[in-house]
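Asker: Hey, can you work out the whole structure from these sequences and the hints?
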Amino acid sequence: MVKEIIIRGFTAITDSYREFQGKGLMVTLFLVAVVFMAYSRRDKYLKDMFVKYSIYVLAVFFVPIWYVYIYYKSDYEILYRILWLLPMGVVICYVLTETLFKLPEKIRPLGFIGALALLMLCGRLVYVNGYFTPAQNEYHIPDSVVEICEEVNVDGREIRVAVPDELLSYVRQYTTTVYLPYGRETIMGEYGGVNELRDILNADVIDTPVAVDGLREYDTPYLVVRNDARFSESLSDFGFVYVTSFDIYDMYLDSEAYIGIDYINYR
Amino acid sequence: MKIVSPALICISILLASYLIGRGFFGHLVKKGAGFAAAVGLMVLWGVFLVISIPVIIFQNDKIGMHTIVNIYAVTVPAIVLAALILSILKTVRKRKTGDKKKEQLVLDNKEIIYLSIFFALVFYQLFKAVFYAYADGDDAFYVAMSQSLSGELDALYINNPYTGVIDGLMYRYALAPFPVWIAFLSRIFKVNAATVSHVCMPIALIPITYAIYNAIGEKLFAGNKEKKYIFLCLVAVFIMFSGYSFYPSEVFMLTRARQGKEALGNIVIPLLFYEMLDTASGDEWSITPKNYILIIFITLSGALTSVFGNILVLVALFGNFIYSFMRHAVLKEKIKAASLALPNLLMLALYVLL
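Each protein sequence line maps, in turn, to chains A and B. Counted from 1, the first sequence has number 17 at position 18 by numbering that gives the first Met the number 0; the numbering is strictly sequential. Counted from 1, the second sequence has number 44 at position 45 by numbering that gives the first Met the number 0; the numbering is strictly sequential.
You can trust all of the hints, since none of them are fake.
Taking lysine-lysine and the BS3-like style, the derived pairs with C-alpha atoms no more than 25 Å apart in a straight line are: (1) K101/A - K224/B; (2) K226/B - K101/A; (3) K29/B - K289/B; (4) K109/B - K101/A; (5) K127/B - K22/A; (6) K105/A - K226/B; (7) K43/A - K226/B; (8) K43/A - K218/B; (9) K109/B - K105/A; (10) K46/A - K226/B; (11) K333/B - K46/A; (12) K105/A - K224/B; (13) K218/B - K333/B; (14) K331/B - K289/B; (15) K127/B - K1/B; (16) K335/B - K43/A.
Keep in mind the hints are simulated off the structure, nothing from the lab.
Answerer: Okay, structure coming up:
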């Protein structure tokens with residue numbers, strides 16, 4: 000068991016460090032800056048805070064005592080946050096600034112541009128990834144989600160809606176009067192759970208009677224699906240009537256469900 | 000996009016923080032108004048933690064979110080008012096004694112250029128934070144939690160934010176009630192919690208981080224403005240190019256300012272580092288009374304933002320404690336350094352016991 004704890008702990012910590020290091024050379028640049036500080040003639044307290052403190056933080060991160068935590072706790076991946084204690088930005092930028100001032104004043108602007116280029120080359124622009132999109136509204140939530148929530152809203156009570164996976168994270172950020180039969184935890188892989196209804200609604204061809212039973216079991220009168228979703232049988236044959244569409248989504252309402260008002264006739 | 004109400008939230012946070020920082024920690028004004036705001040924010044967060052934790056633990060039919068709102072909504076104006084009175088008294092006293100030293104900010108062309116580059120970089124970051132949405136799955140928990148408490152729901156951390164069903168008290172999250180603070184703002188200003196989280200938080204918190212770096216630059220370069228502004232430009236670019244991995248705290252700063260861990264990594268930890276740097280820079284290692292109180296508020300803020308924040312703050316404080324021995328600090332100072340760990344140890348004890 001001890002051997003297993005050591006192997007698993009060591010692997011997890013080194014993986015964590017590697018993931019923190021990522022694809023760039025910023026961590027390497029930091030380590031170079033720390034070494035530079037160690038051999039430079041700076042104030043002693045600065046060397047202590049930049050060099051000794053950084054070594055201390057790295058030692059805490061790599062100390063084998065975490066192996067026990069890793070073995071018993073599933074949330075051990077957050078240990079990388081210990082590395083947040085490393086004063087990376089301060090040390091790198093301090094060393095670069097001091098280095099620039101060793102240059103003759105005339106070429107310092109060029110040195111400044113070089114320092115900026117070095118940081119850009121060692122890192123990677125945060126905004127260059129697929130997760131950033133122009134905000135559609137002041138909530139930073141897709142318009143389709145806002146429209147769905149406004150459509151199903153019933154004053155003074157909660158209402159439950161089943162939505163496609165890509166909308167699970169957004170619905171309850173906009174309003175928590177809308178409940179979900181299953182939430183984001185079902186798409187979190189090993190950290191989440193499974194939900195039968197979600198599996199049914201994510202099938203290539205949705206088994207209509209089984210899906211309807213599942214929705215009723217969860218007291219879910221509204222179903223939102225992508226407009227290209229395929230059903231084994233028509234939803235209307237099982238009491239779910241088409242309400243409206245938003246963007247690429249179609250909304251259905253269970254005509255047999257009581258949602259506080261005679262909604263179908265109301266519409 | 001609605002502007003007035005979200006702008007009012009940001010102004011209120013920054014103004015209240017600044018007034019508190021200036022009033023109670025007046026000497027810090029020399030390090031800039033932004034730094035005073037950073038310090039004041041620690042007081043706002045620390046007080047919020049002290050009010051909210053007992054309410055969360057002992058909540059029942061009569062005690063809940065409304066209790067936190069009622070107490071905090073009275074406490075904060077009272078603290079701000081007290082800070083304001085203190086500031087006015089200090090100013091009057093200074094005028095009476097003829098102490099009118101006010102440093103004029105005179106910049107040469109090079110300094111203006113570097114400062115302009117820095118402000119342009121920060122403005123760009125704020126623009127991206129406000130007008131671009133960053134999809135992060137964790138928002139489904141944290142923002143939804145703020146959203147649920149921003150309405151009529153009174154029970155704290157009982158409902159599963161993913162679905163809405165009642166799950167029982169989630170202590171793992173309940174002991175770091177940063178989303179409740181956002182919910183408080185949403186309730187008071189009647190702005191959707193999603194807007195407070197996604198728009199107001201970056202506008203309020205990103206400048207605070209830079210104010211802390213500004214103070215660090217001031218400390219490192221002892222009044223050399225050109226060096227400081229170059230340092231700030233480099234820091235801004237360093238932060239923007241921290242996308243080499245998903246895990247650096249700076250990534251959280253530019254992508255998820257609404258989550259407590261962002262505040263931990265980019266406000267609490269840098270401010271704690273500044274305080275340690277400040278303490279270390281003296282000829283004799285000692286923690287002044289005001290710094291001691293400030294660090295206590297930083298430790299409380301660390302607990303507010305994340306449960307793991309308790310551990311990170313303790314690791315930093317333990318390093319500080321060891322350093323007090325290396326610097327041959329007197330016993331009283333060592334005891335002071337050790338006692339700083341008490342708030343986070345208490346929070347961890349609560350976490351273990353509950």
